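One letter stands for each residue in the lines below.
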Amino acid sequence: MNATPGVFAVLGVLIRRDLLLALRRRAQILNPLVFFVIVVTLFPLGLGPEPNLLQKLAPGVLWVAALLSAMLSLEAMFHSDFEDGSLEQLLLAPQPAFVTVLAKVLTHWLLSGLPLLLLAPLLALWLHLSPEAIVVLMASLALGTPVLSLIGAIGVALTVGLRRGGVLLSLLVLPLYIPVLIMGAGAVDAAASGLAAGAHLSMLGALLLLSLSLAPWAAGAALRISVE
Amino acid sequence: MWVWLHKFGSPKYFYDVSGKILPWVGGATALLILVGLYLGLFASPADYQQRDTVRIMYIHVPSAWNSMFIYLLMATAAAIGLIWNIKIADIVAAVSAPIGASFTLLTLITGSLWGKPMWGTWWEWDARLTSELILLFLYLGYIALQSAFEDRRTAARASAVLAIVGAVNVPIIYYSVQWWNTLHQPQSLGVGTSAIHPSMLWPLLLMAIGFKLLYVTILLLRTRAAVLERERNSVWVQELVQDMAVKSAPGLTRSNHEQR
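Sequence lines, in order, name chains A and B.
The first sequence begins at 20 in the numbering used here and counts up one residue at a time.
The second sequence begins at -11 in the numbering used here and counts up one residue at a time.
FYI, nobody ran anything at the bench for these hints, they're computed from the structure.
In this text the structure is predicted, and so the values were computed from the model without any measurement.
Possibly wrong hints are sitting among the right ones.
Unchecked claim - Quick look at which bits of chain B chain A covers, simulated, 3 or more residues with Cβ under 8 Å:
| id | region |
| --- | --- |
| 1 | 76 to 90 |
| 2 | 128 to 141 |
Claimed, not checked - Which residues of chain A face chain B? A few of them, derived with a C-beta cut under 10 Å, are:
| id | residue |
| --- | --- |
| 3 | Pro70 |
| 4 | Leu72 |
| 5 | Gln74 |
| 6 | Ala161 |
| 7 | Leu187 |
| 8 | Leu190 |
| 9 | Ile197 |
| 10 | Val199 |
| 11 | Met202 |
| 12 | Ala240 |
| 13 | Ala241 |
As the list claims (entries may be wrong) - Negatives, chain B to chain A, calculated, CB over 10 Å:
| id | residue |
| --- | --- |
| 14 | Phe2 |
| 15 | Trp12 |
| 16 | Gly15 |
| 17 | Val23 |
| 18 | Leu27 |
| 19 | Leu29 |
| 20 | Ala31 |
| 21 | Ile97 |
| 22 | Pro105 |
| 23 | Gly108 |
| 24 | Ile160 |
| 25 | Ser164 |
| 26 | Ala213 |
Even for Gly, the Cβ is constructed at its ideal location relative to N, Cα and C.
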């Protein structure tokens, strides 16, 4: 006899609800991806079509574009729930705040990180990355984009109550993204120049574990402050 | 200890005590920095390799130490304010941020001036320079968040979360940037070991302590101002202002009293 549902049940219900809501507004999912593609396209146009140059810059360009597009989609994480008051209800519900945050983060990653991961190889081909480097790029994005969602959740939770939180959000979140950028781009760079990328990928994995254990807790505390 | 902490946390008590400490701290700051500057700029020898440019170190290194120290102190004060609801801790965290940002900026500017003759470039994407720049971004983010909220209490609590998250991140950023690129000279000062000659070490240490005290002086001044501003509707501040008015222009206020 258990009155309150288990943590995983709640997690599943929340994710299903958010995915369903997102599917009703498909443009919101597509926009950050289109942004990602356009930003990557801008670089060859700005730098010239020289294959060697593009190949050299590709890891950094792809990772910076991924970072920016992940950041752009962050605001949607709590915004509509905050507007219609359901965020308050979610925080009043018996499950701990970090479960709510974790559900939101997972949804955000499924809608922004995962499509980005699938789209990246195509763009990497445009920039003449070698096949080995593309494999490492996907591995680094798989480990790195969840970290972006997790750290981003803290920033959104802090700014959700503010009327013009957008620019402020980027100011708060981008400096915290720097280690992910360094390790992610470093891994691809190492693979592209024929070196082992294992160390960089391990560091990304460590960042993922650390942010997975701390970020939902911090974002939950921040949400409670913002909603108050 | 808790009784003491809460007593010290009350704005009025803090205002009284800090007023008594302030002249001493301020005097010590002036003395240490003056002596340190004299020793550093005139009495110490020029470096055999870097010649007179080495004297930039006496400003650069203490402000770099301060920039990191203040971030830690700010995060600690913010955490204390968040956990135990102590007003003074909130204020200390809030007023520390601009001071810390200034020291960070000073570090970057003096480092840049030092880099030009030494490395032949104003700016180099070296690990320490870069992490100092990122530290400046963290300060700016904190200040921006702090000023984005209307309500003081919410501002203090939200930015406290950010400061703590930042403090967890600072070492990670530091090491990842270090791994990424390093040109800066290695640390010369460790615990118990020193690669600097005493004639240069002494002015450096004096300046380091002087800069710490300079921070404490500015912190006390700004915190006292913030306390007065936030508590302006409380009885003790009104009495204080009344007293000050009596002291500065006795005739004027007395006649006001008589009219009433």
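Now the hints, each set against the structure:
Interface restraint, the region 76 to 90 of chain B with chain A: violated (0 residues with C-beta to C-beta distance below 8 Å; minimum three). Chain A is given as covering the region 128 to 141 of chain B, and this holds because 6 residues of the stretch bring a CB closer than 8 Å to a CB of that chain, at least three being needed. Given hint, Pro70(A) at the interface with chain B, is violated; its Cβ is 25 Å from that chain's nearest Cβ, farther than 10 Å. Taking 10 Å as the C-beta contact cut-off toward chain B, the hint placing Leu72(A) at the interface is violated, the least distance being around 19 Å.
Checking Gln74(A) against chain B by beta carbon gives a least distance of about 20 Å; that is not within 10 Å, so the hint is violated. Interface restraint check for Ala161(A): the shortest CB-CB distance to chain B comes to about 19 Å, outside 10 Å, so the restraint is violated. Here the hint on Leu187(A) is kept, as its CB sits about 6 Å from the closest CB of chain B, short of 10 Å. The beta carbon of Leu190(A) comes within 5 Å of a beta carbon in chain B, closer than 10 Å, and the hint placing it at the interface holds.
Contact between Ile197(A) and chain B, as hinted, is supported at the beta carbon level, the nearest pair being about 6 Å apart and thus within 10 Å. Given the 10 Å rule on beta carbons, the hint for Val199(A) holds: about 9 Å separates it from the nearest Cβ of chain B. Because the closest C-beta pair between Met202(A) and chain B is about 6 Å apart, less than 10 Å, the hint holds. Below 10 Å, beta-carbon pairs count as interface contacts, and Ala240(A) has one with chain B at about 6 Å; its hint therefore holds.
Using the Cβ-Cβ criterion of 10 Å, the hint placing Ala241(A) at the interface with chain B is satisfied: the shortest such distance is roughly 5 Å. Distance to chain A confirms Phe2(B) as a non-interface residue, since its nearest Cβ pair spans about 25 Å, more than 10 Å. For Trp12(B), the condition that its CB be more than 10 Å from all CB atoms of chain A holds, with the nearest at approximately 38 Å. Here Gly15(B) stays apart from chain A, with its beta-carbon at least about 38 Å from theirs, past the 10 Å limit.
At roughly 37 Å from the closest C-beta of chain A, the C-beta of Val23(B) stays outside 10 Å, upholding its exclusion from the interface. At roughly 37 Å from the closest C-beta of chain A, the C-beta of Leu27(B) stays outside 10 Å, upholding its exclusion from the interface. Non-interface call for Leu29(B) relative to chain A: holds, since the shortest CB-CB distance, roughly 35 Å, exceeds 10 Å. For Ala31(B), the non-interface assignment is confirmed: its Cβ lies about 40 Å from the closest Cβ of chain A, beyond the 10 Å cut-off.
For Ile97(B), the non-interface assignment is confirmed: its Cβ lies about 20 Å from the closest Cβ of chain A, beyond the 10 Å cut-off. Every Cβ of chain A is farther than 10 Å from the Cβ of Pro105(B); the closest lies at roughly 29 Å, confirming the non-interface assignment. Once the 10 Å rule is applied to beta carbons, Gly108(B) is consistent with being away from chain A; the minimum gap is 25 Å. Residue placement check: Ile160(B) does not keep its beta carbon more than 10 Å from all beta carbons of chain A (closest about 5 Å).
With a cut of 10 Å on Cβ distances, Ser164(B) falls inside the contact zone with chain A, its closest approach being about 4 Å. Annotated as non-interface, Ala213(B) keeps its C-beta farther than 10 Å from every C-beta of chain A; the closest such distance is 26 Å.
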